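In the numbering used here, the protein residues as written are 136 to 399.
Rather than coming from a laboratory, the hints here were simulated on the basis of the structure.
None of these values were measured; they are calculated from a predicted model.
Honestly, I wouldn't trust all of these hints.
[Said to hold, decoys possible] Capping the alpha-carbon separation at 25 Å, the derived lysine-lysine pairs in PhoX-like fashion look like this:
id	residue 1	residue 2
1	Lys142	Lys202
2	Lys162	Lys142
3	Lys186	Lys202
4	Lys151	Lys162
5	Lys258	Lys349
6	Lys162	Lys358
7	Lys207	Lys186
8	Lys258	Lys367
9	Lys207	Lys349
10	Lys202	Lys349
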Amino acid sequence: MDSQTEKFPVLRLSEKGSNSIEDVVAKESPLTIILNNRELATLLCSPADVKYLTVGFLFSEGLLRSKEEIRKITVDDGRGVVRVDVESEGGVAGEALFKRFITSGCGRGASFYSAADVQGQAKVESRAEISAGAVLALVDEFQHRSQIYRATGGVHSAALCDMRSILVFSEDIGRHNAIDKVFGECVLSGIATDDRIVITSGRISSEILLKVAKRNIPMLVSKSAPTDLGLKLAADLGVTLVGFVRGKRMNVYTHDWRIATDAK
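Please construct the entire structure, taking both the sequences and the accompanying hints into account.
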């Protein structure tokens, strides 16, 4: 955890007065992704699991479709750079870079989402179901897993789960990054995502929903709120979207047949 946090002196003020303390804050670092010797994007992220983040980002953006396309990954922690060499001749990466490449100059990140991403996305047809009680149990385990959040309050968490337990867990200052780290680990470690559940601590926007649908995941659960476009995409793409999971309550917004209750 020390590699992702740092201590700072703070003057704490309260109704009882003031005192000097050391506070723990989350680290934030730029990560530049270079794909086939072209600078693709600079992401602001937590400085851990950057290989997973890079691979997850490339898959989420549609620049890679299989692990076999990856020839080499080189991580330079000192410079904050990850270089990825991929098979591009006639492949997705070459076509995507030619059509959609966006420079990350001036320290800005890049987003490659377009209308074509949504229009070309297949609907999730999974018949997987889970009980409401199991969802609450998974979220409870999820909330107790994040050491960095408990120390700093400054990161997001994401997890891939089956119907009983958390399989992959990750944290990052960015909610998109946390999910990409989970997916990157799944790709590199050969962990299947079909018939699984993603839990996130962050808001469910359209980009988050699309990341999940691209991995053919039927259920997305959050402690936070969805956006209207996130909800519309979930309905259209066959994803069960659950938000505001807190205590013993939750809101099931789309495809509620996957969440079994006592009333069913």
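How the hints compare with the structure:
no. : hint             : verdict
1   : Lys142 to Lys202 : violated (38 Å)
2   : Lys162 to Lys142 : holds (10 Å)
3   : Lys186 to Lys202 : holds (13 Å)
4   : Lys151 to Lys162 : violated (30 Å)
5   : Lys258 to Lys349 : holds (9 Å)
6   : Lys162 to Lys358 : holds (23 Å)
7   : Lys207 to Lys186 : holds (11 Å)
8   : Lys258 to Lys367 : holds (13 Å)
9   : Lys207 to Lys349 : holds (24 Å)
10  : Lys202 to Lys349 : holds (15 Å)
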